[in-house]
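Each of the two chains sits in its own frame; use the hints to bring them together as a complex.
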Amino acid sequence: MSARPETSDDGDRPPAVAARGITKHFPGVVANADVDLTVEHGEVHALLGENGAGKTTLAAVLTGLYEPDAGEFVLAGQRHRFRSPREALAQGVGMVHQHFRLVDRFTVAENIALGDRRQPLLLSQRRLERKLGDLSERYGLEIDLGARVGDLSVGERQRVEIVKILHRGVDVLLLDEPTAVLTPQEAEALFTAVRAMAADGKAVVFITHKLGEVMAVADRVTIMRDGRVVGTVATAASDEQELAQLMVGRTVDLSPRRAQEPAGEAVLSVRDLRLDVGPAEAGQALRDLTLAVHSGEIVGVAGVAGNGQVELAEVVAGLRAPSAGQVEVGGADVTGAGVLSTRRAGLAYVPEDRLGTGLAPGLSIADNLLLTRERGFIVDRRAAKRQAEETIAAFDVKARGPSAPTGGMSGGNVQKILLARELRGTARALVVAAPTRGLDVGATAFVRGLLDDRRRNGCGILLISEDLDELRALADRIVVLYEGRIVLERPGQHADVTELGLAMAGVEVETGVST
Amino acid sequence: MIRLERREHVRWWHYVSVPVVSVLLAALTGAVFLVLTGFDPVAVYAGMLRASLTSRFGLADTLVSATPLMLTGLAAAVAFRYRLYNIGAEGQLYVGAIAAAGVGLALGEIPAPLAILAVVVAGALGGALWVLLPALARAWLGTSEIITTLLLNYVALFAMRYLIFGSTSLWRDPTATNFPQGRPLPEAAEFPEWGLTRIHLGLVVALLAVVGLWWLLARTRVGFDLRVFGDSPEAARYAGIGVRRVVVGVLLLSGALAGLAGAGEVAGRAHQLDPQGLAVGVGYAGIIVAALARYNPLGVPLVAVLLGAISNAGTALQSTAELRVPVAVSTMLQGAILIFVLGGELHLRYRVRLGRGTAAPATADQAATEVVTTPETPARERPSR
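Protein chains in written order, with our numbering: chain A, 1 to 515; chain B, 516 to 900.
To be clear, the hints were calculated from the coordinates, so they are not data collected in a lab.
A portion of the hints provided could be inaccurate.
[Claimed, not checked] Sample of chain B residues at the chain A side, in silico, Cβ under 10 Å:
id: 1; residue: Arg734
id: 2; residue: Thr735
id: 3; residue: Arg736
id: 4; residue: Gly738
id: 5; residue: Arg742
id: 6; residue: Val743
id: 7; residue: Asp746
id: 8; residue: Ser747
id: 9; residue: Glu749
id: 10; residue: Ala751
id: 11; residue: Arg752
id: 12; residue: Tyr753
id: 13; residue: Ala754
id: 14; residue: Ala785
id: 15; residue: Asp789
id: 16; residue: Gly792
Cβ atoms here follow ideal geometry from the backbone N, Cα and C, with glycine treated the same way.
Only chain B is shown next, with the shape it has when bound in the complex (with noise of 0.2 Å):
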């Protein structure tokens, strides 16, 4: 018989051979729909390896996946873990692109410190805008934030859409006479980039996110009062909270950030808004960053990396002529990892034991009515600071 049994303590260093070994787990997993396909796994590992990390280009690459990712990480991260469960981080990255992309088209050639910051801003601000309307009817109506910022997810991608396909705007470039794409950013705009390599100005903007959200949320009153919210609602209002104050404020950061990595994508990356390059789910990926950064801000770039090495690899695999092992294969192990390191999450509050022994209760909240009282027990889990 397996049961399982809560572990008493948790050390530190379960978190980190936990993940170490679940991620190497589901590459065992990979390894045997490789073999099975006809593929040599410890090449195909190898090249993924090369194409992503252990390659001057290939990290760098990686990194500039990551960079968005990091982002809507972050968004998703400040939103779940205080119970307000932002699912729009996609469209708020659209609206973000937007709000980037036009107000650095509308500004044409300015200095480019204030083309940049204006870019900046106007991510933030196209993405907190986005989120406005579902936070105030979460906060005055109790609606539902998950279906209304889901919802409008498909409004912003159809308006940006209709921005360079079904419009003559200021979006669209009216040059391009075969295929109707997006209006090249003036160059005071672009983020500057890091030497030869794609890395730019987007991936500091993230990680100076990453620190500030991270000291805002674990040294401030702002995340105290955060906390309180979101572990107890009731108490935040006993103790004078704003509650109304706190989901309004908290889906407008969440929102903003998300705007900050459709900015990235449009003035570090695309240099105009391109609805095809933005519409690849770059915001929902930031759900799983934040869901195995245990919505923890400083797990976030961790995360984002290693999502962003995959996906990463899977193309690169694909146009290596000596391999040309289909993308799927990322994709499966993208899979693999997940359900590996979510698995994992379970060996960090149990163990497992095999056979009959003292102790679990036959339910939890028996034993809980007389032993849970005592300090030996283990504490509530909670996503921890």
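Extracted from the complex, chain A is given alone in its bound form (with noise of 0.2 Å):
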């Protein structure tokens, strides 16, 4: 192993946070086993971990809402044991959780004042605005504190917590997964804002799952495995690979995968595919959109969120009805005929929401793996729960059993068995949303794996995602959608992310579009 271990470096500040030998039991689990960990003033920490690692437990444990069974933190020179968050913000010490703790009703300047007792009894969005100060402004954290939190956008609600959380005054900032809800673009202002405080001597934990955030925005970082700490080194000084094989325990291949062969005939098509949800052309989620995707290929579906992703993939797959156009699957027309007729004509679809549209999350696996399959009137749950098995033993999947419902598994069990059930059919056809979303590393090399021998077996894949490096990584050509229009298409090796991103915020780009 490289990792090569750092202490306090400059040694005339003492280290904002040193945790040692941490210890914490849940029932069946040992989240964090003897760990330590030492981050500085004026330096972002990364926290690297895959789920279930015990990043979360820790940076639980140093923000009050567990007391760990064993182990110490020195804060500033002191030693400390927080019973609650309360008490750990008067040390100065806060978190902005993965998912937010604000009241939707409630504004801005309200959900800044909950639960901060230095605040007057009769609130005063001026007066709040007035200790705010400069403080918004000098990390880049613009926020109008009159709205409503109800009304903001997942990246607005997240720069409230931020602030709300700096305005207790705190000195070690912990950020849980803090990209995991947002777009590209809203995660480089996060970064900025992030640098801005560890310039101003605040230090930050950044917790994450991603090597590139990891490599984009940390001084050092500090890798987890199993609950115990594998290593802590300086980003600059290693890289992805290195990291990668830390925190998975093993090497992983990320390399980029393309088609071997050319692609063969279309086995699903869009014609001037027009989908309208509102008035005029405004309410347009889908603009003469004509694309085909061969077999044997990966056609990946770049765009910002909300430019007609969804819409493109419920339409292809059935569950909408296109306003005008054509769709084709396997060389029949299936415009408008339902989801199962879609579904017959030989196209699977792998939805966005995992839990919840693609698996229901309280009914079985065994359940579960039947939600797509031809059924007779009376269900053999004999075979159903011995199908089960199956999956669960081929896909390696973690589980208690074929009973056991699919809510309670991690993102990359629930992945494995939706793709376990739309894979080994016969479908010649794939719609893949966000595969690869919010699963840990081994989980994403699987993930790509199965697509890429789908492709080979000669699967046609539209592959939609919001995730450039991975369109890169396997598309063999891309289109951008914006505004509900393919407005950019290019080969998936030569594909630049400069000009992909370009086209995904709409700028008009020169060369044209060929579909």
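Laid out in structure tokens, this is it:
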């Protein structure tokens, strides 16, 4: 292992946080085992690990949500043990949670004042504005104090959370998977804010499982696996490959994959597709969209969320009828024919919303595997159970058994069940939306391998994703969707991120579109 | 400090022991009240058992009371378990009764099997018809079925009263001069009774409905589609299950079951359309039956018999010379049993721990972020099949 443990470097100021031997058990799980973590002032320190590695538990211990079973931590030279988040905040340690703790019906100002005992009984937005001073501006975290939180976008809500914590005067800020809900642009803005905070002398702990983010934002990174720390390294002295290996415990292949053979005949094509969701042209979710996916190729659809991706997937899958245009699957016209007919024509659909749309969370694995199968009137439960057992074994799914509900499983295992069902059939055309979103490195590699495997077997895949790295790693062609229209098409291996990004933002690109 | 900790595994005997202990605790609570009001709890409980379970006629009367409860219990169970809240079993029961009585009276003396079949079908259709409008409104307009079905209960009640008290309809007995009452059904349409008891064919209908419904929900594609819909309507849409069809189908089935209860009360018990005897809240009680049975059709008959026994015992106790226990005692016991059984539910899912210890994260969704993903954590709670 090439990890090079580091201790405090310049020594003139004690570390912001030094945790020693933190251990935390839950029934049946050791979430943290003898964990050490040192974070300096003025440092962005990434906490990297796969889902379930113990990152969030460690953060919860540091911020007083959990009491550790063993271990201690030293804060600015003093030993502490927090019994509640309030105590932690009082000592200058605050956390922005993955799931925001905001009251939708309250305004931003009210949310910031919420739980802050320094606030007067009667709230005054003007007063709060004065007290906040240049806090927002200094870190590029503009917020509208008068807006109702329920009306804000996810990125804006996150800014409110951060400002709320900063306003309490924290020195140590923990961010739990902060980019999971952000668009690439919003994530970039967040990185800028985080760097500004560090430059201001604050210690920022950035919890993530994304390697690219670690390299982009962190000075040092502590890698966790199975509840233990496996190393702390300076990002400048490491690379993504090394981090991935530390995190997963084995080598992971994240190299790009392309089609081996030229694409065959079209297995999925849409012509002049239009979908009206409101009046006039502004109400068109899809505008004269023409696209073909051939056997043995992956066509990537890039775009900022809300530019027609969901609508395209749903129209192709037969969940919605288009207002105009044509959908063909395997040469058969399935325009407006409905889900069942489209599926019978040979199309499988892996929706972005896995639990809730692709799978019913309260139903068992066995039942979920039947969801899109042709079934007789009598459900053969024994066969379903056997099939589920086979799937669990073949895909290495971590679950108690065929009757375990999918709702309790981790993202990677959920996606395995969903893909197992949709890829097993005879489908020649596949629509896959955000297949690796939220998955850890190991599961991501597994899912990409599966999709590549289907491509080799002659399947045509329409891959819809906001993750440009993913598209560039898998797609043979990439098209950019903007306001329901294809505005750019590029071969996968030559796709330039800047060019794609501009097209995604709606900037006119000179070179034409060939569809 | 008292803390609740999630159970890792629910053992099968918990499903038996928890309700049994709950009922015993309820009886204990009732005993306190009985002693305070000057009764001997042992004598009262013995009397109740005799009146409702341990004597032959007591048991028979209990089964007669339980019959409509089973059907309205099924009506609520089939709807509630898929998150369709049909509160209108009461009204659907009335309309089922009106339809059953009407068809029975209109057909007159025809061969008994035909008459009975016609009465049963009419009851089911009447109940289904009464929920049709709320079902369509829910499926196409998203109107809350809770409100619409509830309000239609009053419409049905007053319609039924009008037929007997406010008009000279087919249902009203023209020979009753003192007090308006229903016209007696022709003998052919009356449900046969079992021996000398008042147990009638309705019990068989109810038990057939229990088994049929269980089979439909647990073994067939219809049940599968319903489960998907109940768990996640979006997943149902994705899978190509017609969501509107499911909503209308479930509500119609629920209404039909409540209507069957009405037919049974007319053809099996009163032998006429009897507005006073019908409007005793059997439809609403069905919701309680369903909840206690955890919305499982197979649990419905047991709970229906239990509640039937209690209400029966109350009436019987009141008329027992040596005791003279007010009927309120049985109402109170019914309430106590409900509270304890519902409280017992908690013990199925959680264990109570005293003092501080490991585990039990401060906030549930905090722990969920990282811990819930491990296979050791318990399954999400749902009405099981």
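Hint check results:
no.: 1; hint: Arg734; verdict: holds (6 Å)
no.: 2; hint: Thr735; verdict: holds (6 Å)
no.: 3; hint: Arg736; verdict: holds (5 Å)
no.: 4; hint: Gly738; verdict: holds (8 Å)
no.: 5; hint: Arg742; verdict: holds (6 Å)
no.: 6; hint: Val743; verdict: holds (5 Å)
no.: 7; hint: Asp746; verdict: holds (4 Å)
no.: 8; hint: Ser747; verdict: holds (4 Å)
no.: 9; hint: Glu749; verdict: holds (5 Å)
no.: 10; hint: Ala751; verdict: holds (8 Å)
no.: 11; hint: Arg752; verdict: holds (7 Å)
no.: 12; hint: Tyr753; verdict: holds (5 Å)
no.: 13; hint: Ala754; verdict: holds (5 Å)
no.: 14; hint: Ala785; verdict: violated (39 Å)
no.: 15; hint: Asp789; verdict: violated (41 Å)
no.: 16; hint: Gly792; verdict: violated (40 Å)
Of the hints listed earlier, those the structure fails to meet are numbers 14, 15 and 16, in rising order.
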